[in-house]
Amino acid sequence: MVKISDVRQEAKRLLEKGKVRGVVGYVPGTRGGWAIPYLIQEAERAEQLVWDPTCVHNLALFVVEEKKEQAKQKEPDKRPLAVMVKGCDSRAINVLLQEKFINREEVVLLGVSCENSGVVDRRKITHLLHGQQAGEIRFGDNGNIVVVVNGERRIFDPQEVLADRCLECQYNFPVVFDYFYGEKIKKTPPAPYAQVEKLESFSLEKRRQFWEEEMARCLRCYACRSVCPMCYCAECVVDPISFAVEPTTTAEEKAKKIKWIEKSPLLSENFVYHLVRAIHLAGRCVDCGECERVCPEGISIRLLNKKLEREALRLFNYVAGTDSQAPSLLSTFQETDPEDFIW
Amino acid sequence: MEKILKKSDLGKWVGKLSAFDCYAPTKENDHWEFNQVTYLDSLPEDYTQVNVPLKKVVLPNREVLFNFEDNRNGGPHIQEVLPEEKEVVVFGVRGCDARGVALLSKIFSKSSPDIYFERRKNQLYVVGLSCYPLPGDNCFCLSVGGGPFSTQGMDILLSDIGGKYFVEVLTPKGEKLVELGWEFFAEPNDQDRQDRLRREKKAQEMFNLEIHEAEKKAGVLHHLFEDKIWKTESFRCLKCGICTYLCPTCHCFDIADELASPVPFQGKRVRVWDTCQFPDFTMHSSGHNPRPDKSSRLRQRIMHKFLYFVETYGEIMCTGCGRCVSKCPVGIDIVNILNRVESHEG
Amino acid sequence: MNKDHEPRIVAFLCKWCSSAGSDMAGVSRLEYPPNVIPITVMCSGSVSPIYILSAFNLGADGVLVSGCHPGDCHYIKGNMYARRRMAFLKELLPYLGLEPERFQMSWVSAAEGVKFTQIIKDFVAQLKPLGPQTYLRRSL
Chain X
1 MVKISDVRQE AKRLLEKGKV RGVVGYVPGT RGGWAIPYLI QEAERAEQLV
51 WDPTCVHNLA LFVVEEKKEQ AKQKEPDKRP LAVMVKGCDS RAINVLLQEK
101 FINREEVVLL GVSCENSGVV DRRKITHLLH GQQAGEIRFG DNGNIVVVVN
151 GERRIFDPQE VLADRCLECQ YNFPVVFDYF YGEKIKKTPP APYAQVEKLE
201 SFSLEKRRQF WEEEMARCLR CYACRSVCPM CYCAECVVDP ISFAVEPTTT
251 AEEKAKKIKW IEKSPLLSEN FVYHLVRAIH LAGRCVDCGE CERVCPEGIS
301 IRLLNKKLER EALRLFNYVA GTDSQAPSLL STFQETDPED FIW
Chain H
1 MEKILKKSDL GKWVGKLSAF DCYAPTKEND HWEFNQVTYL DSLPEDYTQV
51 NVPLKKVVLP NREVLFNFED NRNGGPHIQE VLPEEKEVVV FGVRGCDARG
101 VALLSKIFSK SSPDIYFERR KNQLYVVGLS CYPLPGDNCF CLSVGGGPFS
151 TQGMDILLSD IGGKYFVEVL TPKGEKLVEL GWEFFAEPND QDRQDRLRRE
201 KKAQEMFNLE IHEAEKKAGV LHHLFEDKIW KTESFRCLKC GICTYLCPTC
251 HCFDIADELA SPVPFQGKRV RVWDTCQFPD FTMHSSGHNP RPDKSSRLRQ
301 RIMHKFLYFV ETYGEIMCTG CGRCVSKCPV GIDIVNILNR VESHEG
Chain B
1 MNKDHEPRIV AFLCKWCSSA GSDMAGVSRL EYPPNVIPIT VMCSGSVSPI
51 YILSAFNLGA DGVLVSGCHP GDCHYIKGNM YARRRMAFLK ELLPYLGLEP
101 ERFQMSWVSA AEGVKFTQII KDFVAQLKPL GPQTYLRRSL
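Chains as they are written, first to last, in our numbering: chain X, 1 to 343; chain H, 1 to 346; chain B, 1 to 140.
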């Protein structure tokens, strides 16, 4: 069992001693108790930290954001940032380390194990509660989830309420950490790629139809990209407006900037946007599931990334974020890489 | 004008509206959207609130403004592309969405009206559906000048009084729609009127979320430009834009030229949705960005609705639909912020 | 499908091997179908997936990426990186519903004029029955 009091104590200690710039963790939100990410900078506030099944966010994102923020400061605070990380989040940190976006000394990792449980899918809970507002959501025994509705305690089997990514998760405790809370209980889901395989079993026509319906809904709000810790590029190739303009950028550079796809949400442009993003995440995506969770249209973005995750494993025996010292998937090669598809 | 329409006659009335494009809420993947329908037997019992609000009908996500092509006599030839001449009826519109379009009219139909918006608005017939019970847990329309039985921006308001709808015909457009199906409408009796009033009163008591003294926020926000609440609340903002895209009154747009072919030179100028929450929204071509950080952008979103619009048009630009509260991936809560903003807690 | 349709192929050819191989076909007066729009790149390893997706987006019916044989890359290992990268694209595009025949990769050396013409002939023959590519093609 993760004792949140231990996490709070450590956070308080780190802040009191001035060892960290701040602690990024989960605190209770305003509506229905769903946790929200928060930056704690005063030691007394460390008491607000929580750990429960609503802690869905990948806090590695805020490591990236803070790094960019500090880069803009005239006198950056050089102290590390403490951050609570789950298994998936810790792998995201590993990818950032691997790609040298951050150095190890820049973060203090408070690793929290999901043990034999995980985080919940809000849509599943809403569905099961028939629209009633959940009051409190806690970890129960044996991986069960306890939901308090109108004062009544209801117990749910994890299969019913956990996020899909937790049900398919193979890395449910942090692989990189400075402090570890909870127990290392390894989960071995029977069919982590079942959804991918199901889509592969469809005919080409049916797959096309499925994706056309999904992509037609895309509003190009870029929420998927904004929430992904791996999408840290200041200038995204498929975002026509993200342009790192500085006072020294010439008019010619601005005029000649390549526009790969149009800004408007035409079906073809939406496809290219998602395909480019998926390819750029090959071997980097840790399946934290945030992209799909935040999508206002509920597009099955995980289904795209999961496919490439499986190919990385199948073709190159590679899993993202397990070893920060290893070369990243696409910056290396083996003599024995498959080439049966090459004429 | 007040009428009664039996629920079983809704489909027959819609059948008489074949000259219009009819839209109604349909469910896909667990969420509701307004989609075009060819028939409408009923407004579903479990219908709550559409994901993308009514504004998409008058201000679409992508709208072609004009075509241009090379004109051998020098200079491009421009051909205006106005919205198709087709009247549109949307059923099941909640008060917040209808009010949103009415507020947008204040902006787009000013002294030099936006012809694209105008035409779409003129062709739009809004058939509202009152809220009993409330569609969501995060509804707060009552505290910002709206309400579960609000009629602002509607042509007709339907209220479910069990087995039949109490029909309030509010505008000449509404009368036109009712005329087309006159045989299905009956006169209401006193019991009907009482049923409707009773439901409205009950609905007003169902709210568990409100902005305290919303109309006074303009005066308060005036002095809070530098307050630290913007920084602490915006730390977790993802700059995803969902709050503004799904907001019934947010209307910022970008204009882009899309080239179909460089030679012969041919393309379209389009208008697409944009959002003040994107970092480059206020980027100047000099490289200076007056809103470079999330706290200034969050402040902008909230002040635009509760201060700037109030100063210019005298109304709060938030309709209390609650979408930004429900859909924000990190739980940034406009109601909570506004209720706390005077405490200077940060 | 439309049998009269002439597929338009965009071919990214590395300068040192494949592009030279296409020149070899030319000077040897070997005939091959005129459906190819060749784009010379310095190395197959410099081909970003976005070039390929952009080619489809702008209307290509087929895209070919061709480089030096493993071990012969002018930049030593550029083609090795390309091999990994293109493997992902080769898996991803059919998963989305784009016909797998539309994207191909090949090793063609500077001396392989004959191989080059054969590749193009085979590619065109495979693409013809599929008709025009409308899936990723931009239409305003």
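If you're looking for bench data, these hints aren't it; they were derived computationally from the structure.
C-beta: ideal position from N, C-alpha, C; glycine also.
A portion of the hints provided could be inaccurate.
[What the hints assert, rightly or not] Simulated restraints on C-beta separations:
| # | chain 1 | residue 1 | chain 2 | residue 2 | range |
| --- | --- | --- | --- | --- | --- |
| 1 | B | Thr40 | H | Pro292 | 24 to 32 Å |
| 2 | H | Gln79 | X | Gly131 | 43 to 51 Å |
| 3 | B | Gly131 | X | Pro338 | 25 to 33 Å |
| 4 | B | Val27 | X | Ser201 | 18 to 26 Å |
| 5 | B | Lys77 | X | Ser201 | 44 to 52 Å |
Take the C-beta atom of Lys77 of chain B and the C-beta atom of Ser201 of chain X, compute their distance, and say whether it sits inside 44 to 52 Å. For Lys77 of chain B and Ser201 of chain X the Cβ distance comes to about 37 Å; the hint is violated.
Supplied distance hint 24 to 32 Å, evaluated on CB atoms of Thr40 of chain B and Pro292 of chain H: Distance hint for Thr40 of chain B, Pro292 of chain H is violated at roughly 41 Å.
18 to 26 Å was suggested as the range; check whether the CB atoms of Val27 of chain B and Ser201 of chain X agree with it. With a Cβ separation near 49 Å, Val27 of chain B and Ser201 of chain X fall outside 18 to 26 Å, so the hint is violated.
Within 43 to 51 Å or not, the Cβ separation of Gln79 of chain H and Gly131 of chain X? This hint holds: roughly 49 Å between Cβ atoms.
Quick check: does the Cβ-Cβ distance between Gly131 of chain B and Pro338 of chain X fall within 25 to 33 Å? Since Gly131 of chain B and Pro338 of chain X have Cβ atoms about 30 Å apart, the given range 25 to 33 Å holds.
Consistency note: the structure conflicts with the earlier hints numbered 1, 4 and 5.
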